[in-house]
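S.K.: We have chain Y; now place chain V with the ligands onto it with these hints.
Listed in order, the protein sequences are those of chains Y and V. Take the first sequence: its position 96, counting from 1, is numbered 96 in this note's numbering, and each next residue is one higher. Take the second sequence: its position 43, counting from 1, is numbered 1043 in this note's numbering, and each next residue is one higher.
Worth flagging that the hints you see were computed from the coordinates, not collected in a lab. Glycine is no exception: its CB is placed at the ideal position from the N, C-alpha and C atoms. There may be inaccurate statements among the hints.
To be verified - Where chain Y lies over chain V, by a calculated footprint (3+ residues, C-beta under 8 angstroms):
{"hint": "1", "segment": "1198–1208"}
{"hint": "2", "segment": "1265–1276"}
Said to hold, decoys possible - List time: in silico EDC-like cross-link candidates among lysine to aspartate or glutamate, alpha-carbon distance up to 16 angstroms:
{"hint": "3", "chain 1": "Y", "residue 1": "Lys134", "chain 2": "Y", "residue 2": "Glu98"}
{"hint": "4", "chain 1": "Y", "residue 1": "Lys89", "chain 2": "Y", "residue 2": "Glu29"}
{"hint": "5", "chain 1": "Y", "residue 1": "Lys89", "chain 2": "V", "residue 2": "Glu1077"}
{"hint": "6", "chain 1": "Y", "residue 1": "Lys92", "chain 2": "V", "residue 2": "Glu1201"}
{"hint": "7", "chain 1": "Y", "residue 1": "Lys221", "chain 2": "Y", "residue 2": "Glu29"}
{"hint": "8", "chain 1": "V", "residue 1": "Lys1069", "chain 2": "V", "residue 2": "Glu1116"}
{"hint": "9", "chain 1": "V", "residue 1": "Lys1207", "chain 2": "Y", "residue 2": "Glu52"}
{"hint": "10", "chain 1": "Y", "residue 1": "Lys92", "chain 2": "Y", "residue 2": "Glu142"}
{"hint": "11", "chain 1": "V", "residue 1": "Lys1069", "chain 2": "V", "residue 2": "Glu1150"}
{"hint": "12", "chain 1": "V", "residue 1": "Lys1101", "chain 2": "V", "residue 2": "Glu1116"}
{"hint": "13", "chain 1": "Y", "residue 1": "Lys92", "chain 2": "V", "residue 2": "Glu1014"}
{"hint": "14", "chain 1": "Y", "residue 1": "Lys131", "chain 2": "Y", "residue 2": "Glu120"}
{"hint": "15", "chain 1": "V", "residue 1": "Lys1069", "chain 2": "V", "residue 2": "Glu1111"}
{"hint": "16", "chain 1": "V", "residue 1": "Lys1013", "chain 2": "Y", "residue 2": "Glu98"}
What the hints assert, rightly or not - Which chain V residues stay away from chain Y? Per the calculated CB distances, all over 12 angstroms, these:
{"hint": "17", "residue": "Phe1004"}
{"hint": "18", "residue": "Ser1211"}
{"hint": "19", "residue": "Gly1213"}
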Amino acid sequence: MIIANNLSLVYPDKTQALIDVDLNIKAGELVYITGPSGSGKTSLLKLFMGIEYPSTGSLSVMGKPIKNNSKGNIRKIRRNIGPVFQEFKLIKGRTSLENVMIGMRFLGLTPKCIKKEANEALEKVGLGHKKLSKVEHLSWGETQRVAIARAVARKPSLILADEPTGNLDYDNAINILGLLKSFRNENTTVIITTHATHLIMEEQNATFISVDGGRIRIERKG
Amino acid sequence: MRSFLFNMGYFIKESGRIIRLNLLSNIFSVIGTGLILLLLGIIVTGTSVGNRLVVMLNEEAEVNAYFSKELTSEEVEQLIEKITNLDGVRALRIVDEDEAKASMQEILGEEAKILELFDDNPFEAFIEIRIDIEVMNSVIEELRGVDGIEYVRDNQEILEKIKDITYALEILGYLMIAAVGITTVIILSHMIRQGIYNNKEQINTLKLLGSPGIFIGFPYILTGVFLTLLGGIIAVIAMVLLINGAYNSLGATIPFIPLPPKDELITNMVLWLPVLSLILGFFGSLFGLSSIGEKS
Ligand SMILES: Nc1ncnc2c1ncn2[C@@H]1O[C@H](COP(=O)(O)OP(=O)(O)OP(=O)(O)O)[C@@H](O)[C@H]1O
Ligand SMILES: [Mg+2]
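Pulled out of the complex, with its shape left as it was, chain Y reads as follows (with noise of 0.2 angstroms):
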């Protein structure tokens, strides 16, 4: 799924953020991505999202490479990814529904097969009661769910979830793994990054990068 050999990356400003990755996540792996804040847990994301290529090594994402790729593989690519951004970036001035529609429109399906699927995955985060909400109007918690939903409806062999569980109580953010979760099967792989490692610390079945100052170390249990 992801293959990552002598990976770093720099950033223009010449901060170091990632140093020496080497990462061979397969499909279906549940993976938890820690570390502390600026540690490179979002630029790998966008890494493996083809937003930020490879300054040295290689990096290749679902079997194409994300460095030296056209724009068009690049897109290719990314409509195979569902992502939760970790500002979510929802589309300011449209409904709940509306914004898990255009996540789909480019994908091949019928309008009817796209309001069809948009309305389940809405079901499924518990959010079919604000279908029709403006999302500027949702709570930070339902403003999460609908980009879950985005991300899931597109049925992608990949969810990428930055940070899905900042900003919420206990609870809440139990509730957001758990459902993260469940999308995870042998076809698709689910990543997530979080502060919270006390929440993670019980999962059996995964596998935990940490990162610290761009560098990883991976374990896996189960």
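M.R.: Structure of chain V with the ligands alone, referenced to chain Y:
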């Protein structure tokens, strides 16, 4: 492609939203485009009227030869005989004073009253000669040399003048097309850029979700084409009113100008202005869209 067709409804809705987001500037850009296209329409129509005049006057290779009043009718007979035998003369006939007056009365219509101010008929008899256009100039020269002919009036001078004006109009037309093209494309690409700027967050999100460029860009192309087409339609309506008005007033005052059929002019405008505006709209939006392209 499939996605593209499935999303037609979405594209149209999006384009409506883009227009509403900046309604006032969009209305002004439509009016501006309409006025520019109207200007073009006027010049193109002027050129086509001018061309028509040139063709008609050319076909009418006809000169009037005035002869000395002293000539007896017998001498006039001889003169006619002589002219008929000239190379390049096709036909001729005598137009006497009365006929000359009558035809002028017809041309003047209601204004013919001024002719009544004259005690005598102020018109002279003349010979109307149809000649071969190819050898027109040499025939005119020869005619001038014929004994008894005092004065030859031809329409060469007026023809040259109309040709010059038409040529100038034609060049103006080309300049106008260039000006209209550049201006419309620039106005439009600015509108599109504005729209893109207003929606940059959404566009960025769509890119992150893997949307193909065409999916992001198409609503803007649709918007651009729609706005210029609207401008084009405004121009057509104004042109039709203008042509109708011009024919109504011109037709009454100067009936002898050979104007092209009104419907032909109108049909031209109705066909060409919208097509032109569609093309300009398309390129203008493409041009504006190029600002989306930078980074994936
Ligand atoms: N576009 C950028 N340009 C320059 N430096 C950047 C950029 N994005 C991130 N950085 C820097 O790279 C480092 C890693 O940032 P990153 O966002 O990956 O951290 P993070 O682990 O996601 O932090 P957080 O837990 O606060 O979200 C930080 O030092 C950050 O300041
Ligand atoms: Mg982060």
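S.K.: Does each hint hold? Answer for all of them.
M.R.: Do the hints match the structure? See the list:
1. As drawn, the segment 1198–1208 of chain V meets chain Y at 7 residues by the rule of a beta-carbon pair under 8 angstroms; at three or more, the given contact holds.
2. With a cut-off of 8 angstroms between beta carbons, the segment 1265–1276 of chain V has 0 residues touching chain Y; three or more are needed, and the interface restraint is violated.
3. Our distance criterion of 16 angstroms between C-alpha atoms is met by Lys134 of chain Y and Glu98 of chain Y, whose separation comes to about 9 angstroms.
4. Distance restraint check for Lys89 of chain Y and Glu29 of chain Y: the Cα-Cα separation of roughly 25 angstroms exceeds the 16 angstroms cut-off, and the hinted pair is therefore not satisfied.
5. For the given pair, Lys89 of chain Y sits about 100 angstroms from Glu1077 of chain V by alpha-carbon distance, which is inconsistent with the 16 angstroms threshold.
6. Restraint check for Lys92 of chain Y and Glu1201 of chain V: satisfied, since their Cα atoms lie roughly 9 angstroms apart, inside the 16 angstroms limit.
7. Under the criterion of a C-alpha separation no larger than 16 angstroms, the hint pairing Lys221 of chain Y with Glu29 of chain Y is consistent with the structure, at around 11 angstroms.
8. Distance hint between Lys1069 of chain V and Glu1116 of chain V is unfulfilled; the C-alpha atoms sit about 23 angstroms from each other, more than 16 angstroms.
9. Between the alpha carbons of Lys1207 of chain V and Glu52 of chain Y the distance comes to roughly 13 angstroms, so the proposed pair stays at or under 16 angstroms and holds.
10. At roughly 14 angstroms between alpha-carbon atoms, Lys92 of chain Y and Glu142 of chain Y fall within 16 angstroms of each other, so this suggested pair holds.
11. Taking the CA atoms of Lys1069 of chain V and Glu1150 of chain V, the gap is about 9 angstroms. The hint holds against a cut of 16 angstroms.
12. Between the alpha carbons of Lys1101 of chain V and Glu1116 of chain V the distance comes to roughly 11 angstroms, so the proposed pair stays at or under 16 angstroms and holds.
13. As the CA atoms of Lys92 of chain Y and Glu1014 of chain V are separated by approximately 14 angstroms, the hinted pair is consistent with the 16 angstroms bound.
14. For the hint linking Lys131 of chain Y to Glu120 of chain Y, the alpha-carbon distance of about 11 angstroms falls within 16 angstroms, and the restraint holds.
15. The hinted pair formed by Lys1069 of chain V and Glu1111 of chain V fails the criterion: a straight-line CA distance of about 29 angstroms is larger than 16 angstroms.
16. Proposed proximity of Lys1013 of chain V and Glu98 of chain Y is supported: the alpha carbons are some 12 angstroms apart, at most 16 angstroms.
17. Listed as a non-interface residue, Phe1004 of chain V fails to keep its Cβ farther than 12 angstroms from every Cβ of chain Y; the least gap is roughly 9 angstroms.
18. The claim that Ser1211 of chain V lies off the interface is violated: its Cβ sits roughly 5 angstroms from the closest Cβ of chain Y, which falls inside the 12 angstroms cut-off.
19. Its closest Cβ contact with chain Y, about 8 angstroms, brings Gly1213 of chain V to no more than 12 angstroms, contrary to its assignment away from the interface.
Of the hints listed earlier, those the structure fails to meet are numbers 2, 4, 5, 8, 15, 17, 18, 19, in rising order.
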